[in-house]
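Trainee: Here's the letter readout for the chains.
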Amino acid sequence: MERRTLFPGRVLPALLILPQLVLTGVFFLWPALQAITSSLEREDAFGTSTEFVGLDNFADLFGDPLYLAAIGRTLVFCACVTAIAMGVALVLAVLADTEIRGRAFYRTMLIWPYAVAPAMAAVLWVLMFHPQIGLVGAWLNRIGIAWDYKLDGTQAMALVVLAAAWKQVSYNFIFFLAGLQAIPKTIIEAARIDGARGVRRFRTIVLPLLMPTVYFLLVVDLVYAAFDTFATVYAVNGGGPGQSTQTLVLKVYLDGVVNANVGSSSAQSVVLMAGVIVLCALQFRFLGRKAAT
Amino acid sequence: MRRRMPALIPHAVLILAILLFALPIWIAVAGSTQDSAAIARGEVSLVPSLSGLGVYRDVLVNGSAGAGPVWRSLLVSAAMALAIAFGKIALSLPSAYAVTFFRFPFRMTAFWLIFLTLMLPVEVRLIPTFQVMSSLDLINSFTGLTIPLVASATATLLFRQTFLAVPDELVEAARMDGAGPLRFLRDILIPVSGANIAALFVILFVYGWNQYLWPLLVATDPKLDTVVISIVKMVGVDTATEWNKVMATAVLALIPPVAVVLVMQRWFVKGLTEGDK
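Chains A and B are the protein sequences, given in the same order. This note's numbering puts the first residue of the first sequence at 1, with every later residue one more than the last. This note's numbering puts the first residue of the second sequence at 1, with every later residue one more than the last.
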């Protein structure tokens, strides 16, 4: 879509867009190109010279069982976070959308976790699930469940999944509620008169109309789980115990910043870049479909 | 009676959900007022004790093991969040205005270059961005903390959508009154986009306040610790974590972004659900 009414002039618009373009070039495009070029290079042991090595860094990466494990772990993590965050939000939004009183109140009370930083979500959940000081964690130990997310990898993973999903529910809830309220009441009413009730009405009438929102949130949540949860995972256990919560984003940071392996870290960055591009393409596909209907 | 029973179920589930969602915060609120040693023994109570409220003064002024005074880090966070929110709006609004209301060479190229940044979160260009910062001598500076986060594809897209929907009559009327492009922007376009700017402000303020990876990387000077960085440092202290202080800092760190979201809820929800899709 384009505007029909325009202003004349070429210099003014160029000046208006220039600051943003400069920042984009210096801090986004240039570093991204750098990531791509250094993913094709390797430094010698002393960091004094670099040589072009083609796709060697990528070959190493995909031949590394630790990296492959991290890919699998990240997929599981993203799937769990997305499923929990969307499932819980959908149930709550459906309940809040029924003609009950206090809808605005419920929305207000469920909206605020949106403002919680991913790192803060980790801290709050640690305070709850810490094996000694946490209300829930200490209780689990008292009733005989050996709970310590600092020692047990599965427990650590469960904790970061819950902390990450907890924060994202409110975002999904806002969108699901808006999507549900956009469905014309006459359609629901007609289904009711035809005798479709409860779960069946939801499955055959409401859910299909809600699918654009579902697709949209699916992509948003996957991007969130893959990238924005760095702080959540890092603040809980720094990726540990062992590598049990090391997701791909964490590995980029640990390999690049902590272990100073620029070539490998850059190759990992490029792999992630490809991941974001795929997710963005998916989003466009779904949005395109939505615009067409 | 038979018809009223089912209506109670949604209420019950929603209230349960609200309580579960608020539980982590309540634990922090109640715990912050209690004795650190008692918390460390796992004896945290869900009832706050009023006599422990002094901890807030204490962390604000003195900080806690692992991090400096919290007033300072709150100030850094606030400055960073405001700089990012206003910076993004100040850059994106003119950019969107340029690409929607004008025709100039490479217009769409420029638009797509900005758009590309959506696909380049800081996580995928971590090391090279750090290298750029260090060659510009921006490590450990407030500018370095904020400037790279100020370019925004999201805000530009959102403003573009708003501007595309501005009726032609409005533009023609303004032109008839002799308003040039800059006056049109200032006197008409910005005022009619007020609700969008407000919604965007909420989203961007929360985004800025909640940053973690970037400050962790680019600002190692404790003077530039944001409150989010500080609290993770406090928790990371291996021995003798002062739990009541950690909890008090958590509460203080949550108040500003939560308040912005709740106070501006109406615009925020509208802007989020109508604009971003």
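The set of hints was computed from the structure by calculation and includes no laboratory data. For each residue, glycine too, the CB sits at the ideal point set by N, CA and C. One should not assume that every hint holds.
Output of the computed footprint for chain A on chain B, the stretches with three or more beta carbons under 8 angstroms from beta carbons of chain A [as the list claims (entries may be wrong)]:
no., stretch
1, 40-53
2, 91-99
3, 256-264
One-sided excerpt, in silico: chain A residues whose CB lies under 8 angstroms from chain B [to be verified]:
no., residue
4, Arg-3
5, Trp-30
6, Thr-98
7, Ser-244
Okay, the calculated bits of chain B under chain A, using three or more residues with CB under 8 angstroms as the criterion [stated by the list, open to error]:
no., stretch
8, 27-37
9, 65-79
10, 106-116
11, 212-221
12, 239-248
Trainee: Hints first: check each against the structure and report whether it holds.
Mentor: Hint-by-hint comparison with the structure:
1. 40-53: Satisfied; 5 residues make the cut.
2. 91-99: It holds: at least three residues are needed, and the stretch 91-99 of chain B offers 7 whose Cβ sits within less than 8 angstroms of chain A.
3. 256-264: Since three or more residues must qualify, the claim that chain A covers the stretch 256-264 of chain B holds, with 5 doing so at under 8 angstroms.
4. Arg-3: Cβ of Arg-3/A sits 6 angstroms from chain B, so the hint holds.
5. Trp-30: Hint on Trp-30/A: holds, closest Cβ of chain B at ~6 angstroms, below 8 angstroms.
6. Thr-98: holds, 6 angstroms
7. Ser-244: Since chain B brings no Cβ nearer than about 18 angstroms to Ser-244/A, farther than 8 angstroms, the hint is violated.
8. 27-37: It holds: at least three residues are needed, and the stretch 27-37 of chain B offers 3 whose Cβ sits within less than 8 angstroms of chain A.
9. 65-79: violated (count 0)
10. 106-116: holds (count 5)
11. 212-221: holds (count 3)
12. 239-248: It holds: at least three residues are needed, and the stretch 239-248 of chain B offers 3 whose Cβ sits within less than 8 angstroms of chain A.
Checked against the numbered hints given earlier, the structure breaks hints 7, 9 and satisfies all the rest.
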